[in-house]
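*Asks:* Letter by letter, the chains look like this.
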Amino acid sequence: MLKDITLGQYFPGDTVAHRLDPRTKLILVFLYIVALFQASGWAGYALVLAATVACMAVSHISPRSIFKGLKPMLFIIALTALLNIFYTTGRPIVPGWIITWEGIERAVKMMLRITLLIAGTFLLTYTTSPMELTDGLELLMNPLKKLRVPVHEMTIMMSMALRFIPTLIEETDKIMSAQKARGADFETGNLLQRARALLPILVPLFVSAFRRADELAVAMESRCYHGGEGRTRMKQLSMERRDAIAFACGLLLLAAVIVLKHWRL
Amino acid sequence: MSIIRFENVHFSYPDSDRDSLCGVDLEIEEGSFVAVLGHNGSGKSTLAKHMNAILLPTGGKVFVNGIDTADEQRLLDVRRCVGMVFQNPDNQIVANVVEEDVAFAPENLGVPPEEIRERVDSALRTVGMFEYRQHAPHLLSGGQKQRVAIAGVIAMQPRVLVLDEPTAMLDPQGRREVVATVTRLCRESGMTVVLITHHMEECVGADRLVVMSNGKIAADGTPGEVFSQVELMEREGLDVPETVRLCFDLNKAGFSLPLDILQAEPCADAVMRASDESPAFTAARCGRDRKDQ
Chain A
1 MLKDITLGQY FPGDTVAHRL DPRTKLILVF LYIVALFQAS GWAGYALVLA ATVACMAVSH
61 ISPRSIFKGL KPMLFIIALT ALLNIFYTTG RPIVPGWIIT WEGIERAVKM MLRITLLIAG
121 TFLLTYTTSP MELTDGLELL MNPLKKLRVP VHEMTIMMSM ALRFIPTLIE ETDKIMSAQK
181 ARGADFETGN LLQRARALLP ILVPLFVSAF RRADELAVAM ESRCYHGGEG RTRMKQLSME
241 RRDAIAFACG LLLLAAVIVL KHWRL
Chain B
1 MSIIRFENVH FSYPDSDRDS LCGVDLEIEE GSFVAVLGHN GSGKSTLAKH MNAILLPTGG
61 KVFVNGIDTA DEQRLLDVRR CVGMVFQNPD NQIVANVVEE DVAFAPENLG VPPEEIRERV
121 DSALRTVGMF EYRQHAPHLL SGGQKQRVAI AGVIAMQPRV LVLDEPTAML DPQGRREVVA
181 TVTRLCRESG MTVVLITHHM EECVGADRLV VMSNGKIAAD GTPGEVFSQV ELMEREGLDV
241 PETVRLCFDL NKAGFSLPLD ILQAEPCADA VMRASDESPA FTAARCGRDR KDQ
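Protein sequences appear in the order of chains A and B.
With the first letter of the first sequence counted as 1, position 93 gets the number 93 in our numbering; the numbers rise by one all the way through.
With the first letter of the second sequence counted as 1, position 206 gets the number 206 in our numbering; the numbers rise by one all the way through.
None of these hints come from the bench; they were simulated from the model.
Be careful, since some hints might not be right.
Computed footprint of chain A on chain B; a stretch qualifies when at least three of its residues, placed anywhere within it, have a C-beta under 8 angstroms from a C-beta of chain A [unchecked claim]:
id: 1; stretch: 10-23
id: 2; stretch: 91-97
id: 3; stretch: 122-134
id: 4; stretch: 150-163
Non-contacting residues of chain B with respect to chain A, defined by C-beta distances greater than 12 angstroms in every case (computed) [claimed, not checked]:
id: 5; residue: Gly41
id: 6; residue: Lys49
id: 7; residue: Phe86
id: 8; residue: Asp101
id: 9; residue: Val102
id: 10; residue: Gly110
id: 11; residue: Pro113
id: 12; residue: Arg117
id: 13; residue: Arg119
id: 14; residue: Asp171
id: 15; residue: Gly190
id: 16; residue: Glu201
id: 17; residue: Ser213
id: 18; residue: Arg235
id: 19; residue: Leu246
Quick partial rundown of chain A residues pointing at chain B, CB under 10 angstroms, derived from the structure [claimed, not checked]:
id: 20; residue: Gly13
id: 21; residue: Thr15
id: 22; residue: Arg19
id: 23; residue: Arg23
id: 24; residue: Ala50
id: 25; residue: Ala54
id: 26; residue: Ala57
id: 27; residue: His60
id: 28; residue: Leu162
id: 29; residue: Phe164
id: 30; residue: Thr232
From the three backbone atoms N, C-alpha and C, an ideal C-beta is built for every residue, glycine too.
Required output: the full structure, derived from the provided sequences and hints.
*Replies:* What follows is the structure, given as structure tokens:
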């Protein structure tokens, strides 16, 4: 069950989306999110949806893997939809009912918005290796170094966290099996009992995470890691023509959405 | 010339009253393959961690390529000269893609990008993992992960490769892969290899075998010389190769076989020769042959 979590996972590949500069992709995601929140009419949503589907096609990411990533969010999406259905005033579908046409419309739009938001960010992490992502972030945030923001330290911490997600998931699975073999019960009981049953998993997990961190630090130092100073990168980031085209597409999308909003479509 | 030199090294961990190393003198020749054998708590890992200044001696000195490891100014020179591979492959791989992990050390050293690319490709070819360069490390087998870890260290182009129980968490298949890889590295690239292990069979191919016990060197010599001291090895709780065991037991029964044979074929030859010469054995065989008829 834990293996299903794909959050922050990278699928190696060699498509245009994979080859784009990570800085471009980060900025594109930013533009995408702005466009998504600017969209108000159905035409705007349709446009953003079309853009998302196009990006998925270009990067060879199957809708299945996106939906898999959406699973943990289903509860939040459903809750948002329900709240919008019941708390929007307008024309009731049946006279006297609390459910209104406006409520349904807003609920559908909210669901669409959250789904697209998650899908868009997934597209980024699916097509960009964490190393590239952190490289891109580091370069984008470089000006902040002048303000003594520890940019390199922050980005390397992020990439280590992403690197160890699968390892720790595997470990959790192992500990759960070990506890189950000794009669632990994670499935029955009320919420409190189940939360308490998780304790024998969390404690060994934390202990081992600290041990891992310690060993990792020694291994990194053994490989001459001494902070960001004087560090070079194997993969040099360079902006190509495809990055310019991608930027143009992103800006076009944002402009189109704003125009559609203006026309109330 | 010796590339690593221990001079009367003492070491005790801060929270322990027992010395983990007590007066170790050791010189490691450049280009040699040295195996360090010992059971748990013998001080062999502590010894390894002194070779690239992860630990500093509490008494005595360690020199790497002539540099005192206690000299903080030259810490990077020491670490660049002596690469270290650890027991758990998961905890030393820093990136989500094999080739980016291998690039980590040269990136830290500020090597120009084109050269990093060359070093990464050649390191991955050396350990036979080039086809896996785009893979995610957590999907590889234990032996493959450990070979990636070795590539990550040799991309740094160290002169010495120290492996601290690299096979302890691997299955027999992975163990063979790793030992074959480091043996080839030493023989073909002339890299100095120090292999810390508690598996006797991994030491057979080494040039030199050092046995650690209670923080001291208990035996030091070629594997043949060391293993032939069967009583000493038994006292240390260590196994000897089956060939040595066979010859040792036969000698107890009145034969006089050499104890430094580590391969099966030469051992069989020696046993055959000895049996031809031994009157007792010939008599016993004749008796059995008569009974068969």
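*Asks:* Now tell me, hint by hint, if it's right for this structure.
*Replies:* These are the hints, each one checked on the structure:
no.: 1; hint: 10-23; verdict: violated (count 0)
no.: 2; hint: 91-97; verdict: holds (count 7)
no.: 3; hint: 122-134; verdict: violated (count 1)
no.: 4; hint: 150-163; verdict: holds (count 3)
no.: 5; hint: Gly41; verdict: holds, 18 angstroms
no.: 6; hint: Lys49; verdict: violated, 8 angstroms
no.: 7; hint: Phe86; verdict: violated, 6 angstroms
no.: 8; hint: Asp101; verdict: violated, 9 angstroms
no.: 9; hint: Val102; verdict: violated, 9 angstroms
no.: 10; hint: Gly110; verdict: violated, 4 angstroms
no.: 11; hint: Pro113; verdict: violated, 5 angstroms
no.: 12; hint: Arg117; verdict: violated, 6 angstroms
no.: 13; hint: Arg119; verdict: violated, 9 angstroms
no.: 14; hint: Asp171; verdict: holds, 16 angstroms
no.: 15; hint: Gly190; verdict: holds, 22 angstroms
no.: 16; hint: Glu201; verdict: holds, 26 angstroms
no.: 17; hint: Ser213; verdict: holds, 25 angstroms
no.: 18; hint: Arg235; verdict: holds, 32 angstroms
no.: 19; hint: Leu246; verdict: holds, 40 angstroms
no.: 20; hint: Gly13; verdict: holds, 9 angstroms
no.: 21; hint: Thr15; verdict: violated, 13 angstroms
no.: 22; hint: Arg19; verdict: violated, 13 angstroms
no.: 23; hint: Arg23; verdict: violated, 17 angstroms
no.: 24; hint: Ala50; verdict: violated, 31 angstroms
no.: 25; hint: Ala54; verdict: violated, 25 angstroms
no.: 26; hint: Ala57; verdict: violated, 22 angstroms
no.: 27; hint: His60; verdict: violated, 15 angstroms
no.: 28; hint: Leu162; verdict: holds, 7 angstroms
no.: 29; hint: Phe164; verdict: holds, 9 angstroms
no.: 30; hint: Thr232; verdict: holds, 5 angstroms
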